[in-house]
Amino acid sequence: MKCIPKILSILLPLVVALFCMSGTQTDAAELSSKNTMLLLEGIEQHAMIYGEGERKVYVFVDPKCPHSQDFISMINENSKMRTMYRYYIFFYELKRFNSHDLIAAIYESAAPLQRTLEVMVGGKEMRTSNQIEPKIETKIGDIARVADEIGVSKRPYLIIAKKWD
Amino acid sequence: MYYHTPNTSRFITIIRRFRIVIITLFLLISAVALCVLRPELISSDTMFWLSESKQLQKTQQQAYSKIYVGRLSVKVPSFDEATKNTLQSLQTELEHSDGVEQVESLFSAYMIFNDQSSEESALVKALPIAQMTTPKMITFIHTFPEPYRRFVRDDFRQFHFIIHSKKPIQIDRMNISYPYEYSEPMVKAELSHYLWYVGIILLVIIAMSQIIFKNFIAALGAISVTVITLIWTFSLIYLLTGNKQIHIAMSLMVVSIAIGHYLYFYYRWHVSQFKSDPNVALEKSINRNLLPALWTLPVLIISLGSLLFADSLIVSMMSLSLMVSSAVAYIVSILFLPALLSYFTVTHPKIGLARVCYWFANQEVHYNPKLLQRFIIVSLIILVFVGIRLYTAPTLFERSVDNETMTLKVPFKEIDLSTLHKIDAFEHEFRAQNPGVVKVDSVVTLLKRVDLAYNPKNSLDEQRLLQALFFLDLYDLKQSYMDKDSLNITITLNNADHSGIIRFLESYKALPIYITDVDSLSQSSKMDKTLLLVSSLFSALFIIALVMGIIFRSSAIGLVGFASNAIPIIWFVLFMILFKFELSIEALIAMTISVGLTSDTIIHFGYKYFRSRYFGRSRKHALEIMFFYAGVPAIISASVLMIVFALLTLTHLQSLQLIGAYGAVLMLISLLSDLFILPVLLLAVDRHDTNKTMPQ
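Protein chains in written order, with our numbering: chain A, 1 to 165; chain B, 1 to 696.
Keep in mind that the hints were calculated from the coordinates and are not lab data. These numbers were taken from a predicted model, which means no experiment stands behind them. Among the hints, a few may not be true.
To be verified - No more than 30 Å apart at the CA atoms, straight line, and that leaves these computed lysine-lysine pairs for BS3-like: (1) B/K439 x B/K370; (2) A/K34 x B/K529; (3) A/K80 x B/K166; (4) A/K162 x B/K422.
As the list claims (entries may be wrong) - One side only, chain B facing chain A, incomplete, derived with CB under 7 Å: (5) I20; (6) L466; (7) Q467; (8) F470.
No residue lacks a Cβ here, since even glycine has one placed at the ideal position from N, Cα and C.
With these hints in hand, go ahead and build the complete structure from the sequences.
Here's what the structure looks like:
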């Protein structure tokens, strides 16, 4: 009987994980792989590019999401992975984190990738403002539109380019 | 012919006159040969088999290297944090050992999961299991035992480390705090292995000398003849072939032949001193054994000669060992041995076994011909049954293995869905057709685990495969599963037929598969040669019969030669079928040794019996003479060799254990056949008229 809580402590996150993941890619499958890539290539100019690898990884993150922070930390620590992959990082807000202003503040900064790492890896607080430049809103809107079309529902959300570009 | 008694008086006089020169010459040549030869001792036959493995050649053409797979099992008193840390240190030590490529264990395994506390994360994580606390580890593995069953026993008292290395590793030089067992195909013999065998052989020879001959001369003679024969045989083989490698089975063959030859010469010298002086005894030892011992040479050379041309190093080396040692033992027995024995006199020439000989002669002279007929018919029926069984049910060639790990490589250009489906189909068919497959572990297994953590509902699509591959890269999990251009597949077998599995892999066409583990490569090579040895063995039986017919100028004796050699083998194969033993290469090697020794016995028995009959002895008296002069040395040499072979079963090498066990059983069956069947067959074909006057 004593081991039941232990078993539950392991099983519960797994079951929850498996349950929650069930919807992830089904939506994405609705779009053909080719169309997805076309959509993503259309917003590449809005991405923060991290790494010099030959293979493209499109990543949708929320700066306040702890799992997104974990992921960015991992790729920041793993220089080998950055030589193999080139990450195209997009901010896509999870509503419950209310991170729209933070996303805008990072995009508005002079070095968005540097800011992203400071915030998401270094835990640095960043001053935000309600007055967002229109071009930044457009950028956030473009990314959100593509993400919706692809069916991005989780963070981090990865899409990996099939061919070496 | 058998009735000629060569005049050896002058020969013996010369031997006696130059005995010190002869002994010194033999010892000097042996010492020089030993210094120059510097043999490479091998206790496992793996190296031999690998050198001629077609599978290995195929694997090496792809630039894949062979892998030694060892299994280290460590027993721990209890599993707590301290034990876990010690085992983890062992894992690190093993991984950093010279030549080690990969160590599979609980301490290299990962828990792959999706660490999400909300519905909005898609991050797959891989956590080394060893990073959990021990209670968590135990709970986790009890909950998901399947991937970890081969690494740990249910009670967490025994942990297994599967070590993949490019060369054999020296496990005894490692710091392992707990009791352990290690199994791996070994290549080079430790000197201690050989010293152990030498010790056993010496002990058995000394015991035989003391118990039967009640002196030390017999032991001195046996040891010196055996040692000289060993050195000369391997030196000659080196000169003929340039091969320095000596497998322990080759040494055993040489020891068997040397002791067999020696005992006929020594025994005659020993018992002849009951009535004659040592000089006459020495002459009798030579002139009564010179011809039959010489006849064994063409019998062995012609019957086993064809094996020399077999496309197999080990088969030709073993047949060469038998042939060369027979010739060398003959030369040593007629030159060195009389020179040595001429220094000694026996004080107790009586042999206790003489009474047994008279008992045998009395029992067998009144044999029942109908019983003999029935026995021969039964043996023939068994022969037919064995033949049909071998043809229709090749399960006799099965090799059952437990906890065996096989490694394979599959070349690939890109891991895509098509590659995955091919490997999936292979696994499915492989499991369906081969019982005993516990686990097939490949990058596909890992990808499926990652994908399961990611999205378990739908089947894997292209994007999810790419994502799974990304996570493998992220957590550096790929390295043991794939190289630049090949996928690694590890198969765990338990209570499975290794030979059947190798046959399946060799004939599988849907995927290019390359076997890389040394054990399977050598087993595949053995399987290639099994048929060759079976056919060579049977052709040897016919050739022996032919040569014996020519020597004794009687086709009936040729048939006796065939029957006496074939009967032990037929009954031995029946014994193997009944007790479900595999007809392995080791059994065939034991049969070859047995054929060599039995041919020797048949010639000596036939020579003594027909010679006595020719000189007018009655059937019973001829049998008594035969048993006394040829039966006793045959009993002694078979007993000595049976003990030596039986003790081989105590070694840790499966190959030697099998040769030892099969050799001991076969020698017992051969001895029983020599004592009970051969004399009766000789009586049955005896056409001598007892009333004829004895020629002078």
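Hints, one by one, checked against the model:
Taking the CA atoms of B/K439 and B/K370, the gap is near 57 Å; set against the 30 Å cutoff, the hint is violated. Under the criterion of a C-alpha separation no larger than 30 Å, the hint pairing A/K34 with B/K529 is inconsistent with the structure, at around 55 Å. For the given pair, A/K80 sits about 27 Å from B/K166 by alpha-carbon distance, which is consistent with the 30 Å threshold. At most 30 Å may separate the alpha-carbon atoms for a hinted pair to count; A/K162 and B/K422 meet this at roughly 20 Å.
At its closest, the beta carbon of B/I20 sits 77 Å from a beta carbon of chain A; the interface hint therefore is violated under the 7 Å criterion. Taking 7 Å as the C-beta contact cut-off toward chain A, the hint placing B/L466 at the interface holds, the least distance being around 4 Å. The interface hint given for B/Q467 is met, as the beta carbon of that residue sits about 6 Å from the closest beta carbon of chain A, less than 7 Å. The closest approach between the C-beta of B/F470 and any C-beta of chain A is roughly 5 Å, which is under the 7 Å cut-off, so the hint is satisfied.
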